[in-house]
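Novice: At position 143 of the first sequence the residue is numbered 143 (the working numbering), and the sequence of numbers has no breaks.
Simulated from the structure, these hints should not be mistaken for laboratory data.
Okay, derived cross-link-like pairs now, PhoX-like style, lysine-lysine, Cα gap no bigger than 25 Å in a straight line:
1) K424 <-> K373
2) K483 <-> K424
3) K367 <-> K424
4) K424 <-> K371
5) K483 <-> K373
6) K489 <-> K421
7) K483 <-> K371
8) K20 <-> K48
9) K424 <-> K489
10) K373 <-> K421
11) K421 <-> K483
Since the structure is predicted, the reported quantities are computational estimates derived from the model, not experimental observations.
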Amino acid sequence: MLLREVVEAADAVSRTASRKAKIGVLAEVLRRLTPEEVPSAVGLLLAKPRQGRLGVGWRTLAAERSHAPTATLGVLDVDAAFDRLAVATGSGSAARRQTELDALAGAATAGEWDFLSRVILGELRTGALEGVLLDAVALAADRPAASVRRAAMLSGDLGEAAAVALFDGPDALEDVGLVVGRAVLPMLAATASSAADAVAATGDSSVEYKLDGARIQVHRDGDEVRIFTRTLADVTHRLPEIVDTVRGLPVRSAIFDGETLALDEDGAPRAFQETMARFGSETATAVALRPWFFDLLHLDGRDLLDEPLHVRQAELQRVAGEWRVPAVRTADPVVAEETARAALAAGHEGVMVKGVDAAYQAGRRGKSWLKVKPVLTFDLVVLAVEEGSGRRSGLLSNLHLGAHDPDGAFGPPGGFVMVGKTFKGLTDRLLAWQTAHFPTIETSRSAHTVHVRPETVVEIAIDGVQRSTRYPGGVALRFARVKGYRPDKTPAEADTIDALRALLRG
DNA sequence: TTCCGACAGTGGGGTCGCAAT
DNA sequence: ATTGCGACCCCACTATCGGAA
Numbered sequence: 001m002l003l004r005e006v007v008e009a010a011d012a013v014s015r016t017a018s019r020k021a022k023i024g025v026l027a028e029v030l031r032r033l034t035p036e037e038v039p040s041a042v043g044l045l046l047a048k049p050r051q052g053r054l055g056v057g058w059r060t061l062a063a064e065r066s067h068a069p070t071a072t073l074g075v076l077d078v079d080a081a082f083d084r085l086a087v088a089t090g091s092g093s094a095a096r097r098q099t100e101l102d103a104l105a106g107a108a109t110a111g112e113w114d115f116l117s118r119v120i121l122g123e124l125r126t127g128a129l130e131g132v133l134l135d136a137v138a139l140a141a142d143r144p145a146a147s148v149r150r151a152a153m154l155s156g157d158l159g160e161a162a163a164v165a166l167f168d169g170p171d172a173l174e175d176v177g178l179v180v181g182r183a184v185l186p187m188l189a190a191t192a193s194s195a196a197d198a199v200a201a202t203g204d205s206s207v208e209y210k211l212d213g214a215r216i217q218v219h220r221d222g223d224e225v226r227i228f229t230r231t232l233a234d235v236t237h238r239l240p241e242i243v244d245t246v247r248g249l250p251v252r253s254a255i256f257d258g259e260t261l262a263l264d265e266d267g268a269p270r271a272f273q274e275t276m277a278r279f280g281s282e283t284a285t286a287v288a289l290r291p292w293f294f295d296l297l298h299l300d301g302r303d304l305l306d307e308p309l310h311v312r313q314a315e316l317q318r319v320a321g322e323w324r325v326p327a328v329r330t331a332d333p334v335v336a337e338e339t340a341r342a343a344l345a346a347g348h349e350g351v352m353v354k355g356v357d358a359a360y361q362a363g364r365r366g367k368s369w370l371k372v373k374p375v376l377t378f379d380l381v382v383l384a385v386e387e388g389s390g391r392r393s394g395l396l397s398n399l400h401l402g403a404h405d406p407d408g409a410f411g412p413p414g415g416f417v418m419v420g421k422t423f424k425g426l427t428d429r430l431l432a433w434q435t436a437h438f439p440t441i442e443t444s445r446s447a448h449t450v451h452v453r454p455e456t457v458v459e460i461a462i463d464g465v466q467r468s469t470r471y472p473g474g475v476a477l478r479f480a481r482v483k484g485y486r487p488d489k490t491p492a493e494a495d496t497i498d499a500l501r502a503l504l505r506g
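All chains should be modelled from the sequences, with the hints used to inform the complete structure.
Specialist: What follows is the structure, given as structure tokens:
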């Protein structure tokens, strides 16, 4: 298939808001692919190349390039070019990447290059990603969407599931199952405002400590152990101590779901940043990571995915009890709240509340898993606003937030110290208001940023703060979002940098 | 007819490795 | 040695479509 056909389909998908129409367009393209084209075409349509990330970002793409007058590139030509980009490494690789990009751009029309650029950056913005494409595969292959979804989630690869659905017959699709050693998409959680509310929704529940680390999925098959992240990257080589731990468990084969984090000398959890410094490093070993498991998807030849949580937990307790996340089974909101308080007192993030009768829904953000974390709010002052992009083009979106510095510890007394940005929590109405308001108090303007007089107070919710080298106050907001503007407050009444810094020591 | 589940999009801070400077 | 880029950990929230109720 020609790349042009994929690009035209993507353009058609962009032009309609109707999901059914998007699905129809995509299904038509999928039907015309050959088997060997399916994984790369799916990679293009999801802006997730089959090869993974190509080591090319917006900066590398910024160079001016010339294009072909007519469309001759095939889907497999692009796939081959992506192969060459993905393997470019070592001294001189940046120049080789540029050469390769020049060649690809030169073989593509201007419209095709615009599309390929978005694929390479990983942001197609056509309003169709995994969810929509999965339905399109089901339509094109005339198979139940649930079967395609299950195959995609259990193989961790929609491209592979699509190829099976389209070409290998109904039985082959149903036969795609859990394989020890092959990563499965992890189940995700929705948010609840309190442990009591969460238990009210999930009934008989497992209330578990929510740890502030990195998600891990650990597979063991005999002596072979593999560890995957939430996005299914293989990080086995970085976590030898977890490999050893799992090798020591009394199982032949198993798939564990859990979290890993670093503890300090007293056994208290270290800051997320310290866990990540170890988790992300190829060489650091000074800080040990330990696993905490909360689910078991497979044990000694038996898939447990469809078993209720309490059955999976009983098996987990039996084979890896000492590595389990602390958990309390209850339907009592009072007990759930007590557990949440205990989790926080032990230095953890909050709790997860899970219905004990629910199956493991790979890749879904279901209502049977609810996360509960405390929310803090602060009144801060807007220092600047950035122009939005995509659907926020033409609107002032991302706010620069400052805390009051009455004593001048980080600048002139009575000034404001930037502590973070946020674009979250804004409704269309607030975006429109911001866009009208901030230019009226503009002091200067740089490329995409309007700097303003520090007189607009906004209430911001955060999960906490972290140490920062980026911001002058040494502290940055974590997961900041707008709750609403506070026209009733003056900038002098805003919360102080000291109040935020105090959270660092909390 | 109204409600709500699932999705897509919009970006946030921090950390690492690596190549270029 | 330092800097900039890219990948990837963590993540919240709103708008929208279309099936469920």
